[in-house]
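> These protein sequence lines are chains A and B, in that order.
Reading the first sequence from the start, the letters are residues 1 to 323 in the numbering used here.
Reading the second sequence from the start, the letters are residues 1 to 323 in the numbering used here.
For the record, the hints were derived by calculation from the structure and aren't laboratory data.
Using N, Cα and C, we set each Cβ at its ideal position, and we do this for glycine too.
Only true hints are included.
If you want the footprint, here are the derived chain A segments under chain B, 3+ residues with CB under 8 Å: (1) 104-113; (2) 147-154.
One-sided and incomplete, this derived list gives chain A residues near chain B with beta-carbon spacing under 7 Å: (3) 86; (4) 116; (5) 117; (6) 120; (7) 123; (8) 124.
2 protein chains.
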Amino acid sequence: MTTPHRLNRLLEPIRAEMKRVEELLQAGVARLEPPLCAMLEHVLAGGKRLRPAFVTLTGKLFSRDTSPFVHLGTAVEMLHTATLIHDDIVDQSALRRGRRTLHTVWPVREAVLAGDHLLAQAAALVAALRRPAVLEVFAETLCAICAGQIRQTSAEEGRRRSREEYLRSIEAKTASLIIGALEMGGLLADASADQIAALRDFGHGFGLAFQIADDVLDLSGDEVALGKPPGSDLRQGVITLPTLCHLERGEDEDVCAVLAGRTDTDAVDAAIAAIRASGAIDAALAEGRLHAREGQRALGGLPDNAFRRILHCLADYVVGRDG
Amino acid sequence: MTTPHRLNRLLEPIRAEMKRVEELLQAGVARLEPPLCAMLEHVLAGGKRLRPAFVTLTGKLFSRDTSPFVHLGTAVEMLHTATLIHDDIVDQSALRRGRRTLHTVWPVREAVLAGDHLLAQAAALVAALRRPAVLEVFAETLCAICAGQIRQTSAEEGRRRSREEYLRSIEAKTASLIIGALEMGGLLADASADQIAALRDFGHGFGLAFQIADDVLDLSGDEVALGKPPGSDLRQGVITLPTLCHLERGEDEDVCAVLAGRTDTDAVDAAIAAIRASGAIDAALAEGRLHAREGQRALGGLPDNAFRRILHCLADYVVGRDG
Numbered sequence: 001m002t003t004p005h006r007l008n009r010l011l012e013p014i015r016a017e018m019k020r021v022e023e024l025l026q027a028g029v030a031r032l033e034p035p036l037c038a039m040l041e042h043v044l045a046g047g048k049r050l051r052p053a054f055v056t057l058t059g060k061l062f063s064r065d066t067s068p069f070v071h072l073g074t075a076v077e078m079l080h081t082a083t084l085i086h087d088d089i090v091d092q093s094a095l096r097r098g099r100r101t102l103h104t105v106w107p108v109r110e111a112v113l114a115g116d117h118l119l120a121q122a123a124a125l126v127a128a129l130r131r132p133a134v135l136e137v138f139a140e141t142l143c144a145i146c147a148g149q150i151r152q153t154s155a156e157e158g159r160r161r162s163r164e165e166y167l168r169s170i171e172a173k174t175a176s177l178i179i180g181a182l183e184m185g186g187l188l189a190d191a192s193a194d195q196i197a198a199l200r201d202f203g204h205g206f207g208l209a210f211q212i213a214d215d216v217l218d219l220s221g222d223e224v225a226l227g228k229p230p231g232s233d234l235r236q237g238v239i240t241l242p243t244l245c246h247l248e249r250g251e252d253e254d255v256c257a258v259l260a261g262r263t264d265t266d267a268v269d270a271a272i273a274a275i276r277a278s279g280a281i282d283a284a285l286a287e288g289r290l291h292a293r294e295g296q297r298a299l300g301g302l303p304d305n306a307f308r309r310i311l312h313c314l315a316d317y318v319v320g321r322d323g
Numbered sequence: 001m002t003t004p005h006r007l008n009r010l011l012e013p014i015r016a017e018m019k020r021v022e023e024l025l026q027a028g029v030a031r032l033e034p035p036l037c038a039m040l041e042h043v044l045a046g047g048k049r050l051r052p053a054f055v056t057l058t059g060k061l062f063s064r065d066t067s068p069f070v071h072l073g074t075a076v077e078m079l080h081t082a083t084l085i086h087d088d089i090v091d092q093s094a095l096r097r098g099r100r101t102l103h104t105v106w107p108v109r110e111a112v113l114a115g116d117h118l119l120a121q122a123a124a125l126v127a128a129l130r131r132p133a134v135l136e137v138f139a140e141t142l143c144a145i146c147a148g149q150i151r152q153t154s155a156e157e158g159r160r161r162s163r164e165e166y167l168r169s170i171e172a173k174t175a176s177l178i179i180g181a182l183e184m185g186g187l188l189a190d191a192s193a194d195q196i197a198a199l200r201d202f203g204h205g206f207g208l209a210f211q212i213a214d215d216v217l218d219l220s221g222d223e224v225a226l227g228k229p230p231g232s233d234l235r236q237g238v239i240t241l242p243t244l245c246h247l248e249r250g251e252d253e254d255v256c257a258v259l260a261g262r263t264d265t266d267a268v269d270a271a272i273a274a275i276r277a278s279g280a281i282d283a284a285l286a287e288g289r290l291h292a293r294e295g296q297r298a299l300g301g302l303p304d305n306a307f308r309r310i311l312h313c314l315a316d317y318v319v320g321r322d323g
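Taking the hints into account, I'd like the entire structure generated from these sequences.
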């Protein structure tokens, strides 16, 4: 069974809600004027919608009417997509999810504004829920994501980052929005403070595992599965966990050459081969599994039902432990 | 009396609140990490703080405790500044308020993120007010600004815009946030629907007058007063009201040459001279004064006190009618 099928099967109990999220995303785009409409349609296509799934699952977990959760999930996906638009501009990425990035199809300046518009739409959706505490988390989450990105961008030049810096960076870049999605869901469900802490802890473990798995895939996957050539982090001089694990076993000429700026295909292929041969991929994946496990442990503080089990399975799914 | 002094004198009754806005802006920046902190300090310097003044005046107009209005005003100034950061990137502007624009001092990619961060900070401040209706207006206003900018950016190439398109563009770019600031202030003050409509109408007239005056200044002012060379709109092929008024009196070779892409100093100077000589500057300014007057008429629906008189005077001030 291929991975997306497996995910669809896991999310089958919330299929109606996930369909509603798609409809809301479409509706938000359809009422816009021509250039903006086409831009956002382009950029919203093809996501896994994991974050809306988390928000919806939180509502289900506490047996709430899911309508506001579907709206919140849509807002979170819009926020996520807005940050992707700006990140792709910042990182000068040409491809995402196998499609051309927005700023390579439309002018960069229009892409910046399309990202802003999507942020504003997301904020409007959250505001319409009339739950200020939810919106505070929403705004703080965006702050954390931006601060993390600026930290990474401004620190990147020349210096090799430590494992601590790597973890801090993926916390801000990926875990923060997953934590935020679950926390906002918990607040909307009127969960207790302890339950919200448990949701956050799950999100933290899941988020780190998710990004580590993604970083592993960038080095272990092939171009067809990735939708872009492997080694894109390496090519940009970004050290992720598998590379860190590899370099901790001793310096490596091939990898250092790429990090120093040799980014032709031969050099990158040699570096990827060296990392794959050293067992660093497995070491990184094992670390990702530890984080997933940590997230699963936090689920103990939440109502024990079918939706909690889905959260548990999603953490297995994300680190490829679900067969 | 120079213009900024005149403004300070007009705003004397809310000096304490305006000082508090500065402190909140500083505080928001000071707690950030190094690159972001320096970037936002740079970009927040030197604004006239008109939008926080409007928010504060609305609170005073309805005799409310001004503390939440000061927070809201700070958020509006942050939102405004965030849009300026992104606009300057979009327009590739090198100077603003006589200072270098953010993306010319720091990398463009960090400037994009700094703008996002400021948007997020603004949303967090509004969320903390716990007045969802205010936040809805905040988010809708940001949507309107972005949509307007995209419309302008994507329509600019080659085609000459009509007076209607010009008005629609300055409505989105400038009036919308001033209208939004006054509407949010009115909501926070629990003003009636009629009073909020009056505030919006005032904001609409003031906003149009304000942008027209600014567009006039770009053609009538000198480099010292402007903090950048005059004719910057023209140089970018953007037709503003004075140029529209000028072209309505008949085609002009000098102006058409610049709009067609001849942007050397001699060409731009010749075009500016032609516009100045034709009486188009006065015609545009007269139109700006009509909008200011329209805004002032709307004030009739609001409590008659010293703060309403300040709003009236600000509309005179902005079109230079206050001597």
